[in-house]
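**Student:** Here the structure of chain A is known, so what remains is to put chain B in place on it, guided by the hints.
Line by line, the protein sequences are chains A and B.
Under my numbering, the first residue of the first sequence is numbered 348, with each subsequent residue one higher.
Under my numbering, the first residue of the second sequence is numbered 83, with each subsequent residue one higher.
Any given hint might turn out to be false.
Stated by the list, open to error - Per label pair, the in silico range of CB-to-CB distance:
hint	chain 1	residue 1	chain 2	residue 2	range
1	B	THR85	A	GLU524	30 to 36 Å
2	A	SER355	B	ILE137	17 to 23 Å
3	A	GLU352	B	ALA97	30 to 36 Å
4	A	ALA490	B	LYS90	29 to 35 Å
Hints in this document: simulated from the structure, not taken from any laboratory.
Quick reminder that beta carbons are idealized off the backbone N, C-alpha and C, glycines included.
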Amino acid sequence: MALPEDFSGLLKQAAAAFAAYEAAAGYSPVIVGGGAIAIQTLGAFMSGDLDLYAPNDDLLEKCLVDAGFKREDRQGRLLRGYYHPDYPAYGIEAISGQLFDGRSDHSRLLRITIDGDRAITTPSFEDMIADRLGQHAVDRSPASPLLQQARLLFRVAVALDLGYLKRRVAEEGGSFELLN
Amino acid sequence: MTTISMAKLRDHVEARKREIGWVDDDASTDALRNKGDNRTPEKRDSLARIDARAIAAGKKPTRSYY
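Excised from the complex, chain A in its bound form:
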């Protein structure tokens, strides 16, 4: 399964915003959570919302709006959600805090180029696997989709560093053995 056409279109628009953000901030926003898994599994898992780690809220908003995104109109709430009118089936939400609470190695971020120089950035496969296993350790349901997501990522990943993966799984409180 390829990524849905409209999801790919959304990523291209997001990449334009990310390029502007990176030019100003010196680093790119990072797509995390289900959106990252959708990309890394090429649509085996799909999500309608993209969670985004981008510490500078004001800059993110400017870059997204300049790229055609709209801010969600939610009265009485902190406004952190965006959507693109051409791709209404998807939403973007900025998350707060540090990427994986500061435990991930930023030099391992995965930059995925689309349309020439434009790119999107996700965590490494290792960090996403560790994140899912860590959440599974809390969830613990036998048929946990989080564990299934981790196992699929483990099997399709590009160039895994097993030493780093084991360290990160332990840091997130997960069990590496569950991947087998």
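**Tutor:** Chain B only, in chain A's frame:
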């Protein structure tokens, strides 16, 4: 930072899926979906708004549980 083109990522992941016998169908995709038990109220609201926007625009929402 590791850089890879979407085309190369696609080729790699598609090849790996073939090697492990992974079939992308509704059942396998649904098995990977969060069933919504642990979502925050804010995330449930967010997903509901996305669905509503998609439906209002005549688009099929991405299936999600919330």
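**Student:** Decide, hint by hint, whether the structure agrees.
**Tutor:** Okay, the hints, checked on the actual structure:
no. : hint                            : verdict
1   : B:THR85 x A:GLU524: 30 to 36 Å  : holds, 32 Å
2   : A:SER355 x B:ILE137: 17 to 23 Å : holds, 21 Å
3   : A:GLU352 x B:ALA97: 30 to 36 Å  : violated, 22 Å
4   : A:ALA490 x B:LYS90: 29 to 35 Å  : holds, 33 Å
Violation of the numbered hints given earlier is confined to hint 3; every other hint is satisfied by the structure.
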